[in-house]
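Trainee: Letter by letter, the chains look like this.
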Amino acid sequence: MRRARCAILIQGTLMRDHFLQLADFAATRTRSGEGFLLRYSGEQSRFVRFNRAAVRQSGTVEQHYLTIELFKGRQHLSQQLAITGLAGDRQRLDGAISELRELLSFAPEDPHFLVSDAVCSTERNDVGRLLSDDAVIPVILDKAADSDFVGFYAAGPIHHGFANSFGQRNWHTVHTFSLDGCFYLQSDKAVKLSYGGREWDESVFAEKIAHAQTQLSFLERTPKTIAPGGYRAFLSTAATEELLGLLCWGGFGLAAHRTGATPLIRLARGEAALSPMVHLVEDTKAGLAPEFQDEGFVKPASVTLIENGQYKECLAAPRSAEEFHALQNGANADEAPAALEMAPGQLADQDILSALGTGLLIGNLWYLNYSDRNACRLTGMTRFATFWVENGAITAPVNVMRFDDSIYRMLGDNLIALTAARDWRLSTDTYEGRSTRAMHIPGALIDDFRLTL
Amino acid sequence: MNSLISIAEIARNFAKVAPACEEWSIRLVRRRNEALSVTRGTADPVRRGEDVGAMVTVTAESGERIGVGYGATSDTTPSGLGAAAREALAWARRSAGHLIAVPKPRSGAVQYDHTASTDIPWDTIAMPAKLDRLHELARNLKRDGRITHWQASLFYTDEETVFASSTGDFIRESRGIIVPGIEASASAKGETQTRTLGRGGMIRQGGLEQLDQLAFWAAGPRIAEEALELLAAPDCPVKTTDLLLAPDQMYIQIHESIGHPLELDRILGDERNYAGTSFVTPGMFGTYQYGSPLLNVSFDPRVPGEAANYAYDDTGSEAQACHLIRNGVLQRGLGGAFSQSRANIPGVANARACSWNRPPIDRMANLNIDPGVSTFEELVSQVEDGIYMETNNSWSIDDSRNKFQFGCERGRLIKDGQLGPVVKNPNYRGVSANFWRSLKGLGNADTVRVLGTPTCGKGEPNQAIRVGHATPPGLFAAVQVFGGG
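The listed protein sequences derive, respectively, from chains A and B. Offset between the first sequence (1-based) and our numbering: plus 459. Offset between the second sequence (1-based) and our numbering: plus 52.
Misleading hints may appear alongside valid ones.
Some chain B residues close to chain A (C-beta under 8 angstroms, calculated; not the full set) [to be verified]:
no., residue
1, 57
2, 103
3, 244
4, 449
5, 479
6, 516
DSBU-like cross-link-like pairs, simulated, lysine-lysine; straight-line CA separation at most 35 angstroms [what the hints assert, rightly or not]:
no., chain 1, residue 1, chain 2, residue 2
7, B, 194, A, 648
8, A, 683, B, 492
9, A, 648, A, 667
10, A, 651, A, 683
11, B, 156, A, 651
12, B, 194, A, 531
13, A, 771, B, 194
14, B, 156, A, 683
15, A, 602, A, 683
16, B, 182, A, 531
17, B, 241, A, 771
18, A, 602, B, 156
19, A, 651, A, 744
20, B, 291, A, 648
21, B, 156, B, 194
Over the 10 angstroms line for every Cβ pair with chain A, so calculated as not near, a few chain B residues [what the hints assert, rightly or not]:
no., residue
22, 98
23, 107
24, 116
25, 134
26, 265
27, 370
28, 393
29, 395
Everything labelled a hint here was simulated from the structure, so no lab data went into it. Ideal placement from N, C-alpha and C gives every residue a C-beta, glycine not left out.
Same shape as in the complex, but just chain B:
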C-alpha cells in the first residue's frame, strides 16, 4: 500500500523508471494534518488529512534544443511515477527551443537527511484533550453578550519532503508546523469590531511548545476585552504623524514592501500577469538606499521555530543566512539558482514549491529585520504626537509594490511620549520607496517577535506557501494615517 512505503524509498526507486534525458529530479511531499477548532461555543468537526504526491522534472533535448517540463501525480507507484515522467518528458520536448532561459546543468550530489526536533510533539496530547483546552480558551472569549463571534483553533501539519536527482542528490527533511488562531468579534448597533491573535500572522515550526511561546492559551480574555473596547472607541484621526507599528503589523509591511519587491522572478517579469512586477530594478543592487541606516534585513532559513526553516530549497540549493539590506542599502535579491543565472544578480536558496503539485518559484522564506537598540517604552517616549497600530487586518499594494495601504485592528494615540486612548479602524498609506527611509527607531532584541504567514500567494498556477518574519516594533516619521467612515 502506498502509504506504507516511505517517500524516501520511493525517491530512491525512481531511478528505475526515470526517462532517458539530460537531467531529471523528483520531489516528493507527504503531509499529515489535523484541524481542531471551537467556533461560537461548539467544536467544529475534526478534519484530518494525508497528502502524498510527487513532481518529476525533466530536462531534455529535442532537435538539438533544450526543453524543461514537469509531471506531477498523487500516484506514487512505479507506474504512476513513470507516467508522470513521460508527461514531464513530453512537455520538455514541447518547450524545447521556446524556453525563456535554459537552466544550467546541476552539479554535485548532496546527501542530507534531517528530522527537526520538537519539544512537545502534537500527538503528546490526545485530540479530545486538545479540544477541551480550546473549549476553555473559547469560553474566555465569550465574556459579554456583545461578543457575537468567537473562535479558537489549531492547525497542525507533519511534513516530510524528499528531493532526488539524476546527479545523485538525496535530500530529506521533515518538520512540524503549527498555526494557532484566536478571534473575537464584538457587535452592537450595526457596528462590528474584531480582535485576533495576530490574524494569520501566527505560524511556527515545531510542536505544542510553540503555543506557550506565543502566549496562546492565555490570550483569550485580552482579545475579547479589546474587541469590546474597540466598539466604544473613536475613529483613528486623519493626519500625517509619527507611526509606531507593532510586530504583528511590521511583519506584513516587511512582507509586502520588502519581500515581494526583492523577488528576482518579479524583477525578471515572470509575475507581471498575476502577482505583479517590482519597482526594484537590477541596477539598484549594491547601491540603492532602500531604507534608513537603521534598516538591516536578513534572509535566514535557519532560525529555529520560524515558519520557513529549511536546509535546502526545493531545487537542492543549500540555504544560508545573508543580508538583503544592510544599513539601509540593498545588497541582494530573493532569487533561486535559476533566477540568479537569468538576472546575473546574487540571490539566495529560495526556489520553493507549496506542495508536490506546484513547481518551485522564487519565494520568501524567513525574512527578518535585525533588532535595534530601543526598548518599547523608549520608542514610545520618542513620539510627541503619533499613533501606535497593532495587528494587521487589511493589506493592499500596487503591482510594482510601491503604493500601499494597510489597516490594523487596534490603534492607540501617543501623546508626549505616553500611550493614550484606543482608536478604531486605524489605517495608513504610503509608498515603499519612501516609507522605509522614514524609519527612525527599532525595538531591541527583547521586543522581537517571530511571526509569519501560512498563505503567501503567488505564482501561476497559484501557490500559497508559508513564510516567516521576525521583527521588532518599528517607528516611522511623517506617515499619512486615517480612520473609517
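The shape of chain A in the complex, shown without the other chains:
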C-alpha cells in the first residue's frame, strides 16, 4: 500500500517540476511585446465500477492537458495540448506557440481581455491517504459482497497549474477519493452510500455501510404511493445539494445577472427574498478547488453571495468584469461556485423526524431543471431512499414523485429550519476530469413542498 502511494506522490512532484520547466521554456520562446498564460490540468485516476457486488470495469487514466494562451496587447488566442510529462512536450509547446504566433495578428482586438500582472505565486500540495490499487476491490467487495451493491470508486491525485510571462507560478495538487454507490433492495428502491475525502478511514467506511444497511431495512416495508400536492418535507444534505447545484448553474455569475439570465433575477432586483436563514458564501479557502483562475487572479478567501436571504454579490470573472465595468473577484469563466458554503441552522439531527412530524424524508433528489427560470421554479424527482414519516417515525418508503416548486418558496417562506450539522459534499462529477467542486451545507426542513406527478 505504501509503495503505491509514494509512486503517486513522486508522479505529482514530477508533473509540478515539469510544468514549471515548460513555463520557463515558454518564457524563452515568446518575443518582444508578447506575453503568455500557461494552464495545466491533469490527473492520475483509478476508476473501479461495480454492479451487483462485482466489477463491471476497472482501470487507470492518466491525462495531462496544457493550454498556452499567447497575447500581444489585446489580441490573444489559445491552444490546448494533451501532453505526456516527457521531454517531447517542449517541442509540442514550441510548435503550438509558433502556430499561435502565425494566427495572432489575425485575432481580433479584445476589449474585455484582462490578465493579472500582479505576480502572486502560490502552491498547495495536499497529501491524501488513499487505498492502494491492490486493496480497492477486496476492501469494497468485502463489505458489499452479500448485497446488490452498485457504485463507483475514483481516486488519485488531481493537479492544476498556472504560469504567466510576468513570472507568476501557481500549483495545486489534491489527493482525493470518492466511493459513490448504493445498495439496492429491488427495482428502484435503494439506499445511497457517499464516502469521499482525502483520507480513507476503514472505521468511517464501516459506519457508512452500517447506516446504509439500517436504512435498507426500512425499504423492505410496503412502498407508499402518494398523491400530488403539498407536503412537509425534510431534504437531506444530498437533496439540498441538488437544489443548490442547479442554482449554481447561472445563478450567481455577474454576466448572468447583468443580462437578466440568472434564475435569481427577482432576488437581485429586490422583488423577492429568501428566508433570512439562507446565507451562501463561496468559501474558496475551505474548498478543494484551486485558489487561482485561468487569467492568473488569485481568489479571495470568500465571497458572500446571499446574506440573510438577500442578494449580496456576484462571482465576477475578469472578462465579465471588463465588459460590465465591475471588479473581478477571481471567478472562473463559468462564474459558478466551486466551494459553496451554506450557513447551518439549529435543528439537531436527533430532532429531524420529530420536527418533520408527518411528511416526507427525502434522501435524494435527481435530474433537476428549471420549469420557469424567471420564477426560479425547479422540477425534479425524488430518488433512492425517500420515506413517509408519521408522527416522527418512518413508516414506509415512497415511490418516486416529481416536484415542481420555486426556490423562493422552498428556501423562502416555506423554509422552517436548517440543520445544525453540515456535510461536506464532494462532487463526484468526472466529465472531462475529476471535479474538485465541493459544498458544505445543512439539511433543510420545508413546508408545502409541491409534488406534481
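Given chain A, put chain B in place with the hints provided.
Mentor: Leaving out everything else, chain B in the frame of chain A:
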C-alpha cells in the same frame, strides 16, 4: 515528435509492446478542434485544441480466473503505451474472479479504413473570415435595446479513431463534426426570454456545408424577433390537450424516453448508481406495445451527416441499421456485444466511448423516428384545441425513465386547425409508458430534421458523447401542459 506520428502507425506498432495476455485491444483517438464565437458584439478569444491519447484494454487470466482492465494515457510513445498496458494488465489481474461477466473472446480480424468526405472543409474559410460572418450574424441578433444577450458560435472537431486488437483488427475512421449555436435573450421588467437555434440540438457530421442545411447563417433575425415576441406573450395555459411537438423538441423526447430506457446496460443495472435504471425489462422485447402503431424507431449509424455516423463501434462491432420499435412494438435494445451476451437480448453495435480516456459503454448513436404521412399543415389541421411547442429548454425524467417533464422555449396555441397566438414558458409532463401510445400523427419525410446532441451524459467515469436524432414533428393526444409563474 508524437503529433507527427499517425495514430494508425502507433496502433500498428503497439503489438511490439503489448503484454502477454489472453486478449488485448488498443483504441486511439486524435481530435483537433477550434471554437469561434461572438458574444454580445465581441469576438471571444479563439480556442484551439489537439488531443491525442490511447486506451489499452487487456483480458488476462490470474489463478485460472479471467479479469479485464484498462489503462489510458496521453503518452503514446512506445514506453507510454507499454506503461498503460501494464496498468491494464494489473487491473485485469485484480478484477480476476470478480467480474460481473466474462467477455466472450473476440474472433475475426476486421480491416477497415475510411475518411468521411466533406463538401466544404472547415479550413476552406480562414478563421478571420469565419469570425466576420459570425459578427454579421450576431449584429442581426441585436435588433432592440431589450436584447441583453446575443451570441453566435461555431465549434468544429476533426476526429480520427483507430481500433486494433490482438486478433488482427485494424479499424480506422475519421470525420468532421460541427456544432453551430445562436441565442438571443430579451429582458425587460425583471423577465427574460431566450430563443436559440435548437438549443444544443444542432450537431452534424461534415463541414461548413452543414450550416447551409441547418439554415444557420440566416436564422439571426427570426431568433431575435421571437425572443422579443415572447416577452409580450401570455403564459402557456394549464390544461390537458393535444400537443404538437416540433422536431427540436421531439429529438429530446426520443432521447430521454425511448433511447435511454432501451439501453441494455441500464436494464442490466450498470447505471443504477448514476444515470438510472429503466422501466423496460428483458421480457418486454418482442411483445411490448411501446407506442402507437405509428411509432417506428430505427438505430441507424449510417445516415450521412447525422451526428453519430460510424461503421464500427469502439469494440470493433459492425454497425448496421435496424428497427428497435416497429409499428409500436419493442423489438430490440441498445446494447453492444458484451451487453447482448449478458442479457441474451438482441442489440446493436453501440459500445462507444466519448474519447480515449473513457471505456466503451452502451450509448445511443443515431436513433431516429421514421416519418409518417402528414404535412405539417395537415398535423395542425387535425387539432381542434391544442398547443404547438418548439425548442427544448428544460428536461427532467425519473431514474426509470418514466415520469418526465419538458419545457420549451416557445409555444403557439392551436385552435380549429390553425396556429394561433404565441405563449411563453410552455411545459408538459407525462409518463413514457403512456405517452408514446398517445402518438396520433407524424410529419412526412419533408418535415424530418436531422438533429442530435453533443453532450449525452452517462457512465462512471462520466462521459458526454454525441448522438443523432432525425425526426418529424409528432402529434400527441391528451397531454398535461402548463406555463410558468
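Trainee: Is the shortest C-beta separation between residue 103 of chain B and chain A less than 8 angstroms?
Mentor: This interface hint holds because 5 angstroms falls under the 8 angstroms limit.
Trainee: Within 35 angstroms, alpha carbon to alpha carbon, are residue 156 of chain B and residue 194 of chain B?
Mentor: Violated, because 58 angstroms separates the two Cα atoms, which is more than 35 angstroms.
Trainee: Please verify whether residue 651 of chain A and residue 683 of chain A have alpha carbons no more than 35 angstroms apart.
Mentor: Roughly 19 angstroms between the alpha carbons, so the hint for residue 651 of chain A and residue 683 of chain A holds.
Trainee: Hint check: residue 156 of chain B vs residue 651 of chain A, CA-CA at most 35 angstroms. Holds or violated?
Mentor: This hinted pair holds, its Cα atoms lying about 32 angstroms apart.
Trainee: Does residue 57 of chain B meet its interface restraint, that is, does its C-beta lie within less than 8 angstroms of any C-beta in chain A?
Mentor: violated, 11 angstroms
Trainee: Minimum Cβ separation between residue 116 of chain B and chain A greater than 10 angstroms?
Mentor: Consistent with the label, residue 116 of chain B stays out of reach of chain A, its closest Cβ about 17 angstroms off (over 10 angstroms).
Trainee: Please work out if residue 683 of chain A and residue 492 of chain B have their alpha carbons no farther apart than 35 angstroms.
Mentor: Measuring from Cα to Cα gives roughly 34 angstroms; hence the hint holds.
Trainee: Regarding the hint that residue 516 of chain B lies at the interface with chain A, is the smallest CB-CB distance below 8 angstroms?
Mentor: For residue 516 of chain B, the interface hint holds, since the closest Cβ of chain A sits about 6 angstroms away, which is under 8 angstroms.
Trainee: Once the closest CB in chain A is found, is it more than 10 angstroms from residue 134 of chain B?
Mentor: Given a closest Cβ separation of 13 angstroms, the condition holds.
Trainee: Between residue 291 of chain B and residue 648 of chain A, does the CA-CA distance stay at or below 35 angstroms?
Mentor: holds, 32 angstroms
Trainee: Mind checking the alpha carbons of residue 771 of chain A and residue 194 of chain B for me, to see if they're no more than 35 angstroms apart?
Mentor: The given pair, whose Cα atoms are some 30 angstroms apart, holds under the 35 angstroms limit.
Trainee: Keeping to a limit of 35 angstroms between CA atoms, is the pair of residue 648 of chain A and residue 667 of chain A held or broken?
Mentor: It holds: about 18 angstroms lies between the C-alpha atoms, which stays within 35 angstroms.
Checked against the numbered hints given earlier, the structure breaks hints 1, 7, 14, 21, 22, 23 and satisfies all the rest.
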